[in-house]
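K.L.:
Listed below, chain by chain, are the residues.
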Amino acid sequence: GAVVSQHPSRVICKSGTSVKIECRSLDFQATTMFWYRQFPKQSLMLMATSNEGSKATYEQGVEKDKFLINHASLTLSTLTVTSAHPEDSSFYICSAGGAANEKLFFGSGTQLSVL
Amino acid sequence: GENVEQHPSTLSVQEGDSAVIKCTYSDSASNYFPWYKQELGKRPQLIIDIRSNVGEKKDQRIAVTLNKTAKHFSLHITETQPEDSAVYFCAASIGSGTYKYIFGTGTRLKVLA
Chain G
55 GAVVSQHPSR
65 VICKSGTSVK
75 IECRSLDFQA
85 TTMFWYRQFP
95 KQSLMLMATS
105 NEGSKATYEQ
115 GVEKDKFLIN
125 HASLTLSTLT
135 VTSAHPEDSS
145 FYICSAGGAA
155 NEKLFFGSGT
165 QLSVL
Chain R
1209 GENVEQHPST
1219 LSVQEGDSAV
1229 IKCTYSDSAS
1239 NYFPWYKQEL
1249 GKRPQLIIDI
1259 RSNVGEKKDQ
1269 RIAVTLNKTA
1279 KHFSLHITET
1289 QPEDSAVYFC
1299 AASIGSGTYK
1309 YIFGTGTRLK
1319 VLA
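Those protein sequences? They're chains G and R, same order as listed. In case it helps, the numbering used here puts the first sequence at residues 55 to 169. In case it helps, the numbering used here puts the second sequence at residues 1209 to 1321.
Honestly, I wouldn't trust all of these hints.
Pulled from the structure, derived: some chain G residues nowhere near chain R, Cβ distances all over 12 Å [claimed, not checked]: (1) Val73; (2) Gln92; (3) Lys95; (4) Phe159; (5) Ser162; (6) Val168.
Below 27 Å or equal to it, Euclidean Cα-Cα: the simulated DSS-like pairs (lysine-lysine) are [stated by the list, open to error]: (7) R:Lys1230 x R:Lys1279; (8) R:Lys1308 x G:Lys109; (9) G:Lys74 x R:Lys1308; (10) G:Lys120 x R:Lys1266; (11) R:Lys1308 x R:Lys1230; (12) G:Lys120 x R:Lys1230; (13) G:Lys120 x R:Lys1279; (14) G:Lys74 x G:Lys118; (15) R:Lys1265 x G:Lys120; (16) G:Lys118 x R:Lys1276; (17) G:Lys68 x R:Lys1279; (18) R:Lys1266 x G:Lys118; (19) G:Lys95 x R:Lys1318; (20) G:Lys68 x R:Lys1318; (21) R:Lys1266 x R:Lys1318; (22) G:Lys120 x R:Lys1318; (23) G:Lys68 x G:Lys157; (24) R:Lys1276 x R:Lys1245; (25) G:Lys74 x R:Lys1276; (26) R:Lys1250 x R:Lys1276; (27) R:Lys1250 x R:Lys1318; (28) G:Lys109 x G:Lys74; (29) R:Lys1265 x G:Lys68; (30) R:Lys1318 x R:Lys1265; (31) R:Lys1230 x R:Lys1250; (32) R:Lys1266 x G:Lys109.
It is worth saying that the hints were derived from the structure and are not from the lab. Note that the structure is a prediction, hence the values are computed from the model and not measured. Glycine included, every Cβ here is placed at the ideal spot set by N, Cα and C.
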C-alpha cells in the first residue's frame, strides 16, 4: 500500500523557536497533502490543504503566518510552526492523496511539546 | 458548513459481540466515505471505505452500509476481538473528486475480554 512518512515523531522545544515537520509520500506522487491538528481524545482538525507548486489553502481560524506550509515537490510537504508557544503543543499529522487507488493515507504524526 | 456527526462517542462490548458505529453527513455532494482506526499515538489506518454508488461493502469482519437518502453510513464489526479496541473515525468527502474530508468526532471502542 501507499506509504507516507512523517518526521520527526516527537519534538520538544522552547517557547519562541520554530519547528519544521516533514511529510513525504514514499512510493507515490502526492498531488495533494493535508495537515491536521489533533488534541487528546479529539478528532482530526484540518488546518490546511497543500498542493504542489501553489500556495496552501488554510481553513478558517488557522493563521497562515504562524503555520507555514511548503509543498515544493510531489513527494514532500513541510509544516513550520513559527515562534511556537505552549498553546501550539499538539499532535500534528499529515495525509497525502494521489495514489493510484485514490485513497488518502496518513503520516505517523508529530507530537509537539512547547515548553 | 459541512458537518459529520458520529455516535456513540464511547462503546464497550464483550469479546465476540458486534459493534456498530453510526455517522451522519450534511453535504449531499459527498461521494466517498472512509473509516479509519487509530490506536493511541499512532496514525489513522484506513480499514474500509464506500462510495456513494454502493449501498454496502464487506471485508471479513468489517462492513459498512450507506443510506444516501438519509445521509447515514455505519460501520459494523462482528465477532469483536480485544485488538479491535481503538478509536474509529468516519469521514465524508467534501464534494466529489476530492481528497478533502470532514471527520467525525470519533468513537472509542473497548472490547472486553
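K.L.:
Look at each hint and say if it fits the structure.
P.N.:
Hint by hint, here is what the structure shows:
| no. | hint | in the structure |
| --- | --- | --- |
| 1 | Val73 | holds, 18 Å |
| 2 | Gln92 | violated, 9 Å |
| 3 | Lys95 | violated, 8 Å |
| 4 | Phe159 | violated, 7 Å |
| 5 | Ser162 | violated, 5 Å |
| 6 | Val168 | holds, 18 Å |
| 7 | R:Lys1230 x R:Lys1279 | holds, 11 Å |
| 8 | R:Lys1308 x G:Lys109 | holds, 16 Å |
| 9 | G:Lys74 x R:Lys1308 | holds, 23 Å |
| 10 | G:Lys120 x R:Lys1266 | violated, 43 Å |
| 11 | R:Lys1308 x R:Lys1230 | holds, 20 Å |
| 12 | G:Lys120 x R:Lys1230 | violated, 36 Å |
| 13 | G:Lys120 x R:Lys1279 | violated, 36 Å |
| 14 | G:Lys74 x G:Lys118 | holds, 14 Å |
| 15 | R:Lys1265 x G:Lys120 | violated, 42 Å |
| 16 | G:Lys118 x R:Lys1276 | violated, 36 Å |
| 17 | G:Lys68 x R:Lys1279 | violated, 46 Å |
| 18 | R:Lys1266 x G:Lys118 | violated, 41 Å |
| 19 | G:Lys95 x R:Lys1318 | holds, 14 Å |
| 20 | G:Lys68 x R:Lys1318 | violated, 37 Å |
| 21 | R:Lys1266 x R:Lys1318 | holds, 22 Å |
| 22 | G:Lys120 x R:Lys1318 | violated, 37 Å |
| 23 | G:Lys68 x G:Lys157 | violated, 37 Å |
| 24 | R:Lys1276 x R:Lys1245 | holds, 23 Å |
| 25 | G:Lys74 x R:Lys1276 | violated, 41 Å |
| 26 | R:Lys1250 x R:Lys1276 | violated, 31 Å |
| 27 | R:Lys1250 x R:Lys1318 | holds, 17 Å |
| 28 | G:Lys109 x G:Lys74 | holds, 17 Å |
| 29 | R:Lys1265 x G:Lys68 | violated, 48 Å |
| 30 | R:Lys1318 x R:Lys1265 | holds, 24 Å |
| 31 | R:Lys1230 x R:Lys1250 | holds, 23 Å |
| 32 | R:Lys1266 x G:Lys109 | violated, 39 Å |
Of the numbered hints listed earlier, those contradicted by the structure are 2, 3, 4, 5, 10, 12, 13, 15, 16, 17, 18, 20, 22, 23, 25, 26, 29, 32.
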